[in-house]
Every structure is written in structure tokens, then in C-alpha cells.
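Q: So the chains spell out like this:
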Amino acid sequence: MAKIKSILGYMVAALSTLIMLATIPGLMFLAEPLISVTGLTISPKYSGGEVVRTIDHDAYQTQVHRMVFDDVLIGERKEGFIQVNWTPLDRLPARIDEEIDADGDGQADFRVEVDTANKETTLTPYASWVLGLEGTYEPEGSLMIRVRLRNPSQITR
Amino acid sequence: MLLILPIALLSAYTWLPGLLTGQGEPLQILALALAWLVFNALFVLMLTTGHTHRYRSVLFILIAVALPLDFIPWMIKTYGSMMLTDDIMFSGGASFCPLTMPMIIIPALLKRVVIFPGELLPTGAHGAFSVMFIIWVAASLALGRGWCSWGCFYGGWDELFSRLPKRPLIKDKQIDRRWIYLPFAVLLAIVLLSAIAFQPIYCEWLCPFKIVTEFQAPATILAIVQIAIFVTLFIGLVIVLPLLTKRRIQCGLFCPFGAMQSFLNKINIFEVRIDPDKCSQCKRCIRECPTFSMNESSLESGKPLMTCTRCAQCIDACPEGAISYHIKGTSLKASPAVARALFLYPAFLLMGIIGLGTVGMGLWRIFKLITTGSML
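Protein sequences, first through last, are from chains A and B. Quick note: the first sequence uses the working numbering, first residue 5, plus one each step. Quick note: the second sequence uses the working numbering, first residue 45, plus one each step.
It cannot be assumed that every hint is accurate.
[What the hints assert, rightly or not] When the alpha-carbon atoms are kept at most 27 angstroms apart in a straight line, the in silico DSSO-like pairs for lysine-lysine are as follows:
1) B:Lys377 / B:Lys210
2) B:Lys322 / A:Lys7
3) B:Lys155 / A:Lys82
4) B:Lys310 / B:Lys347
5) A:Lys9 / B:Lys310
6) B:Lys377 / A:Lys9
7) B:Lys310 / B:Lys377
8) B:Lys121 / B:Lys217
9) B:Lys322 / B:Lys347
10) B:Lys372 / B:Lys412
11) B:Lys412 / B:Lys310
12) A:Lys9 / B:Lys372
13) B:Lys310 / B:Lys322
14) B:Lys155 / B:Lys217
15) B:Lys347 / B:Lys121
16) B:Lys327 / B:Lys310
17) B:Lys121 / A:Lys123
18) B:Lys155 / B:Lys215
19) B:Lys377 / B:Lys347
20) A:Lys9 / B:Lys210
21) A:Lys7 / B:Lys310
22) B:Lys412 / B:Lys377
23) B:Lys217 / B:Lys327
24) A:Lys7 / B:Lys210
25) B:Lys377 / B:Lys217
26) B:Lys322 / A:Lys9
27) B:Lys215 / B:Lys310
28) B:Lys347 / B:Lys327
29) A:Lys7 / B:Lys155
30) B:Lys322 / B:Lys377
31) B:Lys347 / A:Lys7
32) B:Lys215 / B:Lys121
Worth flagging that the hints you see were computed from the coordinates, not collected in a lab.
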């Protein structure tokens, strides 16, 4: 028994070198499968959540993300946000004036006006659960706003 | 020579793919080749002299110092400063770091989300989640908490300052040993708080190494408080206390990632053993251990505590040669030289994967500074 344990010990010890050796090709070949198999995504708190609607304008696009209330371990938050991106940045008009349907019911829930040169933003809520502007940002290649929302599903309850 | 040749080839293999893609400019290739030479020269010394810690430590410190030499200019070139603004974070521009690992586990398991403003797959930025995850899993399987003395690109700062004084001003007996439980408390707190807040609490509030990498822009009072905490922790835990105690205080008494790695020591095949027949009870290993992993009970049990980072400082320091690397399952009288060689191979490979490129790129930035007047 002691001999078997000893042989196994040496084998596992030698395997450690093989594991480290396999790391470099592992980085190249395992990274993508790791993400696709596990289904991991970056938290919507940072990514803004999935894009649910894209509105094509002549020179640019409006990307409306889903409403985010689930950036919490269990259940949903009472308050969250929605992210809207306009892209590409270099083809945006001097002024954006757009009505956004946040919950996808066909009705506009707020109107946003953005001066694209200085990012000055005016938000006009139409729905009672639209709380106000969280901020205007310029992440890579786009202009973006986040609007604070009260969770509509928790209002009706 | 037979032991050295394979490692020389294998460590070249850790950075050759980058060079073969043709991205490297001549100065960069020169810097990487120099780094490779330094790494292998020190490995040769490690093997031929039998001193593990002495040469490991030089490499470990080099990696820690080289990281900001490359990373900060990269941040400045890419984002304009080393400060993370909301714009950068919403672009997924923060660099993923292994220290984040304990905090992301619960949200990743329960909701399949990574609570970090970085990227999942590498697209040119430093440290994508998938890359760090694969390296961390491999290193944890191969070396357990050996990560903390062979792979961590921050620990070298702690080690640097702990090695500067000749004698500690705060003696071993003056340090309450119960502090060794603090990293486990920090680990528990950040895992739970991060799961509740759904954001990486340690990165946002407690990481001393933000000062040598990236930190949030001081745009709000909250961010200014956070930066003040980072500076205080870095000065206190990484500079002042290691200078006073000659110990790696951040690594041994604070780091939650190290605490998590301690549990992985339990499933790792390598360990450090003390031969009771040779031990003269001089207790030098207890005084020398930089992470407080040796105590009186270690001498009785013949093993360090689970927090051992396999740095080999005790092995090098023991005047009787009573301490050695050991492979679990093998006889206590088995050849320590074989166990040492089998440990050094994966340990050095991890160092190569993490550090060879880091040191090479740090060196390249210095070359750039000398030749062009700019590190960017």
C-alpha cells in the first residue's frame, strides 16, 4: 500500500509540471469554450445588460439595453437603470433628441436630449417609474446614458 | 545540465508564442531575451547551489517591480491616466486580477455573472477573466498556495520591503500570533459582502496594490476615501510593517486571496516537512518564516501551518538541513532532492508564465525611456 501511495505521489507531482505546461496552449484553446460552456457574462451593473432594441438612423444607431434590476444575488432590486448607447461616436449628430421605450410596450417612457459635443443631457420622464438621469458617459466608440428606474413589476404588486 | 536544459526551453516557450506572432519590435525582443536569460540564470543557480529562496526571491521581487513599469505606461497610453473612470469601466476596461477570484465565485455559480468591470475574453487589454481563471486553476492544482511565493505579481513588494532591514525592530515575540486568522476573516467578509453588494468589495475598498496598478478616478468623495484607504494600506501593510518586522505582513496577515489558497494547500501534492530526527529545535524557521506559517506546533507535527507559501525561506535557513520539500504519500525518508526538483519545475514554469513577459516588458519600458525619453 505504501509503495502504491508513493508511486501515485510521484505521478501526481510529475503531473503538476504537465499541468503548468498545458497552461499556455490552454490559454489559447480553452478561454472561449470556458466562457461559452459556463455561460458567464459580465454583470449588467457594468455591461448595461443585453441590447433588446436597435434603432437605425441614417448615420448612427440607438441601442436600447434591457432594464436592469437583477444586479443582485437573489430576486430583484426596487430601483435599477436602463442603458442607452448611440454609436458610432464619430457619426453622431450635434444634438440627439429621442423618445425611448424602456419596457418594450410600444409607448415612449422618457425623452432624452443630448448635446453630443459637451454631453449636456436633458431627460423628460413620461412614465412615473422613470426616476431621472444617472449620468452621461463616453465608453469606447459610443455615447451612453443611464437612466434610473423604479422596478415597474414591484409597483404593481 | 539535464535538469536545466528542459526548463530553459520550456520557459522560452512561455513567451515565444508572443514573439512568433510578429508583434515584438527589436527592442522588445531584446528585453524579453534578457529577461529569459536572467530567469534561467537564476534557475541554474537555484538548482546548482541548492538555495531555493535566495534566487526565487530575486525573481519574485523583479516581477512585482516590473509589473507597474509596464502596466502604468500601458494605462496612460491606452486610457490617458492610471485612473479608472466610469467611461473605462463601462467599456470593460479594468484589468482582471486573480485577487478578485474569491469575490466572484458565489455570483458566478448562482447567477453566471462576473461582478467585475473587465472583459471575459482577451481582446488586447491586460488580464481578461478567462486568462486569469485558467492560470489560477492550473497554478492552484499544481502548487496550492505556492502561488503566493511563485506566481503572485504583487507579493514581491511585500518581500522586497521585508528583506531590506538587517534585523526586525518588532521582534517575533511582540507579534500576537492570533493575527494569522485575520486573512480568513477578511476572506469571509469580502466573499459575503461582494455577493450581497454584487460588486468586488476588496477591489473597491481594500486592495493595497491599486496604488501600483489602477484605481478609480477621484471624482467623488467616496472615491477619494477609497484611494486614501489604498494608500494607507499600501504604506502600512506593504512598506512600514514589513520594514519593522521583516515579514510579509500583507501576504501573511491580510490577503484574502492567500487565505483562500491556504485551503488549496490541502489538496496539493507538495508540502514542506521538518525531519524531527534532524531538527535541533533552534526555532530559526519560526523566526524566519515570512508569512507566520511556522510555530511551535509545526516543530512537533513536522509540518508548517496550512498557510505555507512554499517560499523555501525556512528550508534555506535551517542550519541542520532538517526542512525540505516533500511529496505527500511518499516516505518521509524519500529523497528530498527528487521532491525539490519535482516542485521546482512547475513552480518555475508558473513564474515564467506570470513573470517572464512582465519582467521583459518592464525592461522594454526602461529601454524605451533611455532611447526615446518616454516609456509610452
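Q: Take the hints in turn and mark each one as holding or not.
A: These are the hints, each one checked on the structure:
Under the criterion of a C-alpha separation no larger than 27 angstroms, the hint pairing lysine 377 of chain B with lysine 210 of chain B is inconsistent with the structure, at around 35 angstroms. At roughly 24 angstroms between alpha-carbon atoms, lysine 322 of chain B and lysine 7 of chain A fall within 27 angstroms of each other, so this suggested pair holds. Distance hint between lysine 155 of chain B and lysine 82 of chain A is fulfilled; the C-alpha atoms sit about 18 angstroms from each other, no more than 27 angstroms. Of the supplied pair hints, the one linking lysine 310 of chain B and lysine 347 of chain B holds, its CA atoms being roughly 12 angstroms apart against a limit of 27 angstroms.
Distance hint between lysine 9 of chain A and lysine 310 of chain B is fulfilled; the C-alpha atoms sit about 17 angstroms from each other, no more than 27 angstroms. Under the criterion of a C-alpha separation no larger than 27 angstroms, the hint pairing lysine 377 of chain B with lysine 9 of chain A is consistent with the structure, at around 14 angstroms. Simply put, lysine 310 of chain B and lysine 377 of chain B have alpha-carbon atoms about 21 angstroms apart, close enough for the 27 angstroms limit, and the pair holds. Our distance criterion of 27 angstroms between C-alpha atoms is broken by lysine 121 of chain B and lysine 217 of chain B, whose separation comes to about 48 angstroms.
This hinted pair checks out: lysine 322 of chain B and lysine 347 of chain B have alpha carbons roughly 14 angstroms apart, not beyond 27 angstroms. For the proposed pair lysine 372 of chain B and lysine 412 of chain B, the alpha carbon gap of about 47 angstroms is over 27 angstroms, so the pair is violated. A threshold of 27 angstroms between alpha carbons decides the hint, and for lysine 412 of chain B with lysine 310 of chain B the separation of about 45 angstroms lies outside it, so the pair is violated. For the hint linking lysine 9 of chain A to lysine 372 of chain B, the alpha-carbon distance of about 8 angstroms falls within 27 angstroms, and the restraint holds.
For the suggested pair lysine 310 of chain B and lysine 322 of chain B, the alpha carbons sit about 25 angstroms apart, so the restraint of at most 27 angstroms is met. The suggested pairing of lysine 155 of chain B with lysine 217 of chain B is violated, with an alpha-carbon distance near 47 angstroms, which exceeds 27 angstroms. Among the hinted pairs, lysine 347 of chain B with lysine 121 of chain B is inconsistent with the structure: their alpha-carbon atoms are about 48 angstroms apart, more than 27 angstroms. Simply put, lysine 327 of chain B and lysine 310 of chain B have alpha-carbon atoms about 24 angstroms apart, close enough for the 27 angstroms limit, and the pair holds.
About 24 angstroms separates the Cα atoms of lysine 121 of chain B and lysine 123 of chain A, which keeps this hinted pair within 27 angstroms; it holds. Restraint check for lysine 155 of chain B and lysine 215 of chain B: the C-alpha separation of about 47 angstroms exceeds 27 angstroms, so the hint is violated. For a cut-off of 27 angstroms, the pair hint linking lysine 377 of chain B to lysine 347 of chain B stands: about 15 angstroms separates their Cα positions. For the hint linking lysine 9 of chain A to lysine 210 of chain B, the alpha-carbon distance of about 43 angstroms lies beyond 27 angstroms, and the restraint is violated.
For the hint linking lysine 7 of chain A to lysine 310 of chain B, the alpha-carbon distance of about 22 angstroms falls within 27 angstroms, and the restraint holds. Using a Cα cut-off of 27 angstroms, the hinted pair lysine 412 of chain B and lysine 377 of chain B is violated, with the two alpha carbons roughly 52 angstroms apart. Taken as a hint, the lysine 217 of chain B and lysine 327 of chain B pair is honoured in the structure, with Cα atoms around 12 angstroms apart against an allowance of 27 angstroms. At most 27 angstroms may separate the alpha-carbon atoms for a hinted pair to count; lysine 7 of chain A and lysine 210 of chain B exceed this at roughly 46 angstroms.
Taken as a hint, the lysine 377 of chain B and lysine 217 of chain B pair is broken in the structure, with Cα atoms around 33 angstroms apart against an allowance of 27 angstroms. Pair hint lysine 322 of chain B plus lysine 9 of chain A holds up; C-alpha atoms about 25 angstroms apart against a cutoff of 27 angstroms. For the given pair, lysine 215 of chain B sits about 30 angstroms from lysine 310 of chain B by alpha-carbon distance, which is inconsistent with the 27 angstroms threshold. For the suggested pair lysine 347 of chain B and lysine 327 of chain B, the alpha carbons sit about 13 angstroms apart, so the restraint of at most 27 angstroms is met.
Proposed proximity of lysine 7 of chain A and lysine 155 of chain B is contradicted: the alpha carbons are some 45 angstroms apart, above 27 angstroms. Between the alpha carbons of lysine 322 of chain B and lysine 377 of chain B the distance comes to roughly 12 angstroms, so the proposed pair stays at or under 27 angstroms and holds. For a cut-off of 27 angstroms, the pair hint linking lysine 347 of chain B to lysine 7 of chain A stands: about 22 angstroms separates their Cα positions. Distance hint between lysine 215 of chain B and lysine 121 of chain B is unfulfilled; the C-alpha atoms sit about 45 angstroms from each other, more than 27 angstroms.
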